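So the protein sequences, as listed, match chains A and B.
The numbering of the first sequence is my numbering, which starts it at 1 and goes up by one.
The numbering of the second sequence is my numbering, which starts it at 1 and goes up by one.
Calculated from the structure, these hints are not laboratory results.
None of these values were measured; they are calculated from a predicted model.
Hints may contain errors.
Claimed, not checked - Below, a list of computed lysine-lysine pairs in the BS3-like style, where the Cα atoms sit at most 30 Å apart: (1) Lys68/A with Lys5/A; (2) Lys351/B with Lys5/A; (3) Lys35/A with Lys53/A; (4) Lys351/B with Lys312/B; (5) Lys53/A with Lys5/A; (6) Lys53/A with Lys428/B; (7) Lys117/A with Lys68/A; (8) Lys35/A with Lys428/B; (9) Lys117/A with Lys53/A; (10) Lys428/B with Lys68/A; (11) Lys53/A with Lys68/A; (12) Lys117/A with Lys35/A.
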Amino acid sequence: MMTLKVNGRDHQIDADPDTPLLYVLRDDLELNAAKFGCGLGQCGACAVIVDGKAVLSCVTPLLLFQDKEVTTLEGLGSIETPAPIQRAFMEEQAAQCGYCIAGMMMQAQALLQRNPKPTDEEIRAAMEPNLCRCGTHMRILRAVHRAAHLMQTADASTVQRSGR
Amino acid sequence: MPRTAGRMTRARVFGSVLAALAGVGVAAVFAISWRPAIPAIDPPAPQTFDATLMKRGRVLAAIGNCASCHTVRGAPDYAGGLPVATPFGTIYSTNITPDAESGLGRWSEIAFRRAMRAGVDRAGQHLYPTFPYDHFTNVTDEDDRALYAYLMTRQPVHAMARENQLSFPLDQRFVIAGWKLLFLRPGTYQPDTARSEEWNRGAYLVEGLAHCGACHTPRNALGAERATAQFAGGDVDNWHAYAINAQSPAPVPWTADALFGYLREGWHPEHGVARGPMAEVVRNLSSVPDTDIRAIVAYMASVFGAPTPDRKRRGEEVLGQVNSTPAQVESSDAAGAAIYAAACATCHEAKRPLPYGGVNLALSTAMSGPDARNAANVVLAGLRALEGEPSPIMPGFASSMNDAQIAALLNYLRSRFSNQPTWTGVEKIVEEARRTQTVALQNSRRPDHAPADSSQRDKP
Numbered sequence: 001m002m003t004l005k006v007n008g009r010d011h012q013i014d015a016d017p018d019t020p021l022l023y024v025l026r027d028d029l030e031l032n033a034a035k036f037g038c039g040l041g042q043c044g045a046c047a048v049i050v051d052g053k054a055v056l057s058c059v060t061p062l063l064l065f066q067d068k069e070v071t072t073l074e075g076l077g078s079i080e081t082p083a084p085i086q087r088a089f090m091e092e093q094a095a096q097c098g099y100c101i102a103g104m105m106m107q108a109q110a111l112l113q114r115n116p117k118p119t120d121e122e123i124r125a126a127m128e129p130n131l132c133r134c135g136t137h138m139r140i141l142r143a144v145h146r147a148a149h150l151m152q153t154a155d156a157s158t159v160q161r162s163g164r
Numbered sequence: 001m002p003r004t005a006g007r008m009t010r011a012r013v014f015g016s017v018l019a020a021l022a023g024v025g026v027a028a029v030f031a032i033s034w035r036p037a038i039p040a041i042d043p044p045a046p047q048t049f050d051a052t053l054m055k056r057g058r059v060l061a062a063i064g065n066c067a068s069c070h071t072v073r074g075a076p077d078y079a080g081g082l083p084v085a086t087p088f089g090t091i092y093s094t095n096i097t098p099d100a101e102s103g104l105g106r107w108s109e110i111a112f113r114r115a116m117r118a119g120v121d122r123a124g125q126h127l128y129p130t131f132p133y134d135h136f137t138n139v140t141d142e143d144d145r146a147l148y149a150y151l152m153t154r155q156p157v158h159a160m161a162r163e164n165q166l167s168f169p170l171d172q173r174f175v176i177a178g179w180k181l182l183f184l185r186p187g188t189y190q191p192d193t194a195r196s197e198e199w200n201r202g203a204y205l206v207e208g209l210a211h212c213g214a215c216h217t218p219r220n221a222l223g224a225e226r227a228t229a230q231f232a233g234g235d236v237d238n239w240h241a242y243a244i245n246a247q248s249p250a251p252v253p254w255t256a257d258a259l260f261g262y263l264r265e266g267w268h269p270e271h272g273v274a275r276g277p278m279a280e281v282v283r284n285l286s287s288v289p290d291t292d293i294r295a296i297v298a299y300m301a302s303v304f305g306a307p308t309p310d311r312k313r314r315g316e317e318v319l320g321q322v323n324s325t326p327a328q329v330e331s332s333d334a335a336g337a338a339i340y341a342a343a344c345a346t347c348h349e350a351k352r353p354l355p356y357g358g359v360n361l362a363l364s365t366a367m368s369g370p371d372a373r374n375a376a377n378v379v380l381a382g383l384r385a386l387e388g389e390p391s392p393i394m395p396g397f398a399s400s401m402n403d404a405q406i407a408a409l410l411n412y413l414r415s416r417f418s419n420q421p422t423w424t425g426v427e428k429i430v431e432e433a434r435r436t437q438t439v440a441l442q443n444s445r446r447p448d449h450a451p452a453d454s455s456q457r458d459k460p
C-alpha cells in the first residue's frame, strides 16, 4: 500500500511498485485525461506534471512518486471552469483527433509555470517530446502563446488554483 | 669617491646587461611567436574548385568532426560560435564558412594549410590548441587541399568570432607559441612500413584528422595530451571518454568487428550505445565509406591489443551471466535496488537485443568506467530516438527522479553490475550532470544527435 498524492488529494494505492503511474491514474483513479500512446515514453500523450515538471507517466513507475505531488489535466480545470491552458486550446481549436492534447497541455503548462513568457523557439523546444499525428502543431503553438497571454492578464486567479 | 664611481659603473654595467638580456628576451619571444600574415585573396568562386576534390573534402570533414565544434545549435553549419569550456576559460569556435569578413573567404590554401599544420591563422595570430592542430599537423597536403575545397564551397555565413573568456596571461596569444614549443610536433604522418596499408591508413586518420586522442587521452596541467598515457581515457563536456587502449574498462574486450559495428551503428549488443559527444562522432562517420572505418578499426584493434587471458575470461563470464537467468545479488542499497527493479529492469533485463531492448548493464562500459558521469548523464537525459533508422531509445528520468534517487540507483548498479570498486561522490556528480546537461542541450549542435543527412552523401 502506498500513498499517492494526485490533484491535491491523497489516495491509498495497492499496486506493485513497478506499475507505471499511467495505469494507476487511469485504472485505479479513473483519471482518464492522460493517454496511453506508445508506452515507451516517446510520444508524450501520457504527460502529467510532477512537482512542477512534465513527466511521462507510461514509463515512470509508481515507486518514484512517493512524497511527490502529481497533477493531471483534471487538476487544472473542468468543463465548467477551464484553466487558461484549456481555454487557450479550445479558443485556438488546437485539436483534431485530440488524443495527444491532454499531454500537450500538461507539457505546455509545465513550461509556462517555469517560464511565463516563452519565445516561439522555447515553446518548440519544450514541446518537442510531444507528437501529434494529425499535424495540429501550428494551432498548438498558437494555443501555448495564447495561454501565456491569458495567464498573465485576466486569469491570474485560475493559474493560482491550477498546477502547483 | 672612486669607490662610489666603481659602484656606479658596476651598477651601470649590471643595468645594461639586464637591459640587454631583457632585449634579447623580448627579441626571442618575438622570434618564437611572430608569424607573418599571409596575403588576403579575393574569395574564390565555388566553380573554380574540382567537384571530386569537394566530395573527398566532405568525407574528410566528417572524419574530422569539424561541424561538431564549428556549429552551434540553431545556427548554420560551420558558422562557429560554440563555447568550449576548458580548465583555462571558455574558447569560442570560429566561423569556417567562406565569408570574406568573418570566415575563411580571404584565406588562400596556403593559409588554410598553415592553420592545420601549425595552428596559425591567416593574419599570423596563434590559434588556441582547442583547435586540435597537434593532430591536424599529420594531415597531408592533398587532404588539406580537399578540405579547403569543401569548406570554401559551403554557403558563406556572416558570423564574427566571439571574444574568448580567458584570464591574463592566457589571453596573450604569444603564450601559445611557448605551448607549441613544448607540445606541437609538426610534420605529416610517417607510415610504418612493417604494417599493412590498411593499418597505416587507420593510424593516419586516428592520429591525424579524426583526432581521437583529443578526447580519449588524458591531458596534463598545461592542457596538452599526455604522451605517456595515450588513449588512457580523457574528459569532454562532462563525459568521460573511456580508455581505448589495453586499459579499456569495457567488460567484454573489444574486437575489430565489434568496433566496426559500433562505429557504423552507434551501438553494439555487447557494449551498449554511443552517447554524448561520441554519438555525434558516429553520426558524422555515417557518411564515411566502410573502407576508412575498417582502417580506423584495424589500427584501433592494435591499440587495444589482444586482451589478457584474464580479461578474456572475465568477458566470457559476463556474457555467460547475461545469457543465463539473472542472479539476485544482495546489495546494501535497498533504495537503489528497488528503483532498478521498478524503473530499469523491464527493459534492461528483457533479453531483447539492442536496439529493441536495453543493454544488459553487466555489459555496459558506463557501469565499469572510472566515474559515474556517463551513467548519470544517460539516466538524466535518456537516449533520444534517431530519425529514420532503428536506434536504441531510453526515457530520461531528470524530471521523475531527484538527485538522491539517481545516486542510490547508480551506487546499486555499480555494486551489482561491475567488479570495480564503488564510485565516490555520486550525488555530487549527479548534481553536476544535471547542471551541465542543461547547458549542453542549449548549445550543442542538435539536441538529439540525429544522424547525418544521408541525402547529402556523395554530394560535392
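How the hints compare with the structure:
1. With a C-alpha separation of about 7 Å, the suggested pairing of Lys68/A with Lys5/A holds against the 30 Å cut-off.
2. Restraint check: the Cα-Cα separation between Lys351/B and Lys5/A comes to about 34 Å, which exceeds 30 Å; the hinted pair is violated.
3. As the CA atoms of Lys35/A and Lys53/A are separated by approximately 18 Å, the hinted pair is consistent with the 30 Å bound.
4. Annotation: proposed proximity of Lys351/B to Lys312/B holds, straight-line Cα distance about 23 Å (limit 30 Å).
5. As the CA atoms of Lys53/A and Lys5/A are separated by approximately 15 Å, the hinted pair is consistent with the 30 Å bound.
6. Note on Lys53/A and Lys428/B: the hinted pairing holds, with a Cα-Cα distance of about 22 Å set against a maximum of 30 Å.
7. For a cut-off of 30 Å, the pair hint linking Lys117/A to Lys68/A stands: about 26 Å separates their Cα positions.
8. Between Lys35/A and Lys428/B the CA atoms are separated by roughly 36 Å; this puts the pair beyond 30 Å, and the hint is violated.
9. Proximity of Lys117/A to Lys53/A is assessed by CA-CA distance (about 17 Å); at most 30 Å being required, the pair is judged to hold.
10. Restraint check: the Cα-Cα separation between Lys428/B and Lys68/A comes to about 22 Å, which is no more than 30 Å; the hinted pair holds.
11. Proximity of Lys53/A to Lys68/A is assessed by CA-CA distance (about 11 Å); at most 30 Å being required, the pair is judged to hold.
12. Among the hinted pairs, Lys117/A with Lys35/A is consistent with the structure: their alpha-carbon atoms are about 28 Å apart, no more than 30 Å.
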